[in-house]
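Residue numbers (my numbering), protein chains in the order written: chain P, 1 to 232; chain X, 1 to 386.
Hints listed in this document are in silico derivations from the structure and should not be mistaken for laboratory results.
Predicted model only: the values in this text are computed from it and were never measured.
Take these hints with a grain of salt, some might be off.
Stated by the list, open to error - SDA-like, lysine to any residue: derived pairs with alpha carbons at most 25 Å apart:
1. P:68 <-> X:147
2. P:68 <-> X:333
3. X:114 <-> P:223
4. X:126 <-> P:144
5. X:114 <-> P:225
6. X:114 <-> P:146
7. X:114 <-> P:68
8. X:320 <-> P:142
9. X:251 <-> X:126
10. X:114 <-> P:145
11. X:114 <-> P:226
12. X:126 <-> P:145
13. X:114 <-> P:144
14. X:251 <-> X:270
15. X:238 <-> P:41
16. P:68 <-> X:56
17. P:68 <-> X:217
18. X:217 <-> X:43
As the list claims (entries may be wrong) - Okay, the calculated beta carbon distance ranges per label pair:
19. X:113 <-> P:216: 34 to 44 Å
20. P:52 <-> X:133: 56 to 66 Å
21. X:115 <-> P:144: 38 to 48 Å
Quick reminder that beta carbons are idealized off the backbone N, C-alpha and C, glycines included.
The chain contents come next:
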Amino acid sequence: MLQVIAQIQTRNRTGGTCEANNGFCPDWIADNYDRYIDPFLQHVFLTVVSVSIGFAIAFGLALLAHRKRWLLPAFSGASEVLYAIPSVALFLLLLPVTGRGTLTGLVALVSYTLIFIFVNVTTGLDGVPEDSVDAARGMGLTERQLLWRVEVPLALPEIFAGLRIATTTTVGLAALAFFAGAGGLGEEITRDKGFQSNIAVAGGLAVLLALVLDLLILFVQRLMTPWRRAAA
Amino acid sequence: MPEAATLEFRRATKRYPGQEEPAVNELSLTVPAGEICVLVGPSGCGKTTAMRMVNRMIDISDGDILLDDRSVTDREPAELRREIGYAIQQIGLFPHLTVGDNIATVPRLLGWEKERIAERVDELLKLVSLDPGETRDRYPAQLSGGQRQRIGVARALAVDPPLMLMDEPFGAIDPINRESLQNEFLRLQQALRKTIVFVTHDIDEAIKMGDRIAILKQGGHLAQFATPAELLMYPADKFVEDFVGADRALKRLALQRVRDIDLWTAATVRVGEPVAEARAKLDDADIDYLLVVDEDGRPRGWLSERGLSGERVTEEFRSKAQPVVEMDDVLRDALSDLLESETRYGAVVDDGGRVQGILSLEVISHVLQAPPEDVPHGADAFVPED
């Protein structure tokens, strides 16, 4: 805990009046932007890896629950409970188990992505038109072919929606991962949180990351669901 | 694969746990290869269940269903279904696939070559009167209801299956388009001669489409299995009688066309013929009227005994030649024409408008006494419009 508090200590800055007044200083930003590169890359890493792992787990569980309906309440209950744990508490709770570092950050972030992806994959699969499923079975698709050729493709809009929420949320939550010693932009934000230039750059990078990842996913979604545009 | 298969229900029964009455109760019937068998009945009679037992979408509890003498229960469901065309009321096109990919579903499952699939898709689109170039790459959402229905039928026909299952395939279409889709389907069937199990709740559709009709009643009992004409002439019980409706005779007349029946010979005269000759014709004729025709044999009007005066036949005393009935008209429409014109006789003309005979109320009522074997059914009864 002490270590954490030590990190949050305000740094001493030297320079012009802008810096002294804790203002928004373009010159300072230009001179210091390189100190944000590593935390930014850590942030990207934390987000992409935890969303990917979370997607793999939640997607797998949702497919399982789609065929074995009795598993559904257990899975959605578990992902809700995980999501309900306050994030800082979870980071700190995990410390004795996984120790300080990236692993703890990832475990916590992954557990928060599960609910968005699980719920959306499930909703998407449930929303596949019944007549398409009946026609697919009636034409002789096996259950596996039905899943991968009809149900999953038709659930894609919902699945992507879940992925987008999970990603933007994770970008935000990863700003707290430094509590677990996993680095990221959060560390920079809190290191000098009275200084506007610092907040603007560190916070701005996080927002930019969320925006870019969101647009990227949207772009992939449009590529993968050409039929959605044709309907209009 | 054979062109058409024989389908036999042998005391096929479906029971659901916890339900006292079976959904389908010992259904036994045989659909000969190349015929349309319509399963019809009120809702809850088990008609859809009976159909879905054929491709094992619903498993049989008791009894058996044989496809070309082979039990469907011996077959792997997915493999069996690929051999059986499947079309349902909601069509069930895949919204995420283009029309071409939708139609290619079963050929792909069977591992057809790319070129063969592309050729088949275009062939099928033409078969259901759609332009391949215009339709192939569109998505279902970009099409009208009627077009989607056609694609549903094309998709079911994709691998030229020997048996087709159709569950209210035209049920969700407005009456005008339904009529034209039914006609189009009968035209197709005249060429394809598939064995078809067709489910509907509409007795008129059953009578129009079926070579044979199985009427089912509550609890999955087969009330009657017969050709449309038999059903209308000899309903097996009160239930069938009520189900086919009080206008049985009129429905029977809808099965036959003027060309199918023996007409009376028309005694025709031309303007300018000697009255003496006309009188002689009138004496020999079946009716008390002469039909005045023009040079080409087209009807001009009716002439009675009173109109025959002077030396030569004139048009002066003729009454109008109404109604004029065509050879392709169904008898019900022809009867309606007669009633509307308040006359007992109508001149029947061929495609060129030339008189071929006379249709009378007596002829029509006589037709209703004819044995049902003489009445054509299904695709045989269908005459395509020119």
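Starting from the hint list further up, note which numbers the structure goes against and sort them upward. Those not satisfied are hints 1, 2, 4, 7, 8, 9, 12, 14, 15, 17, 20, 21.
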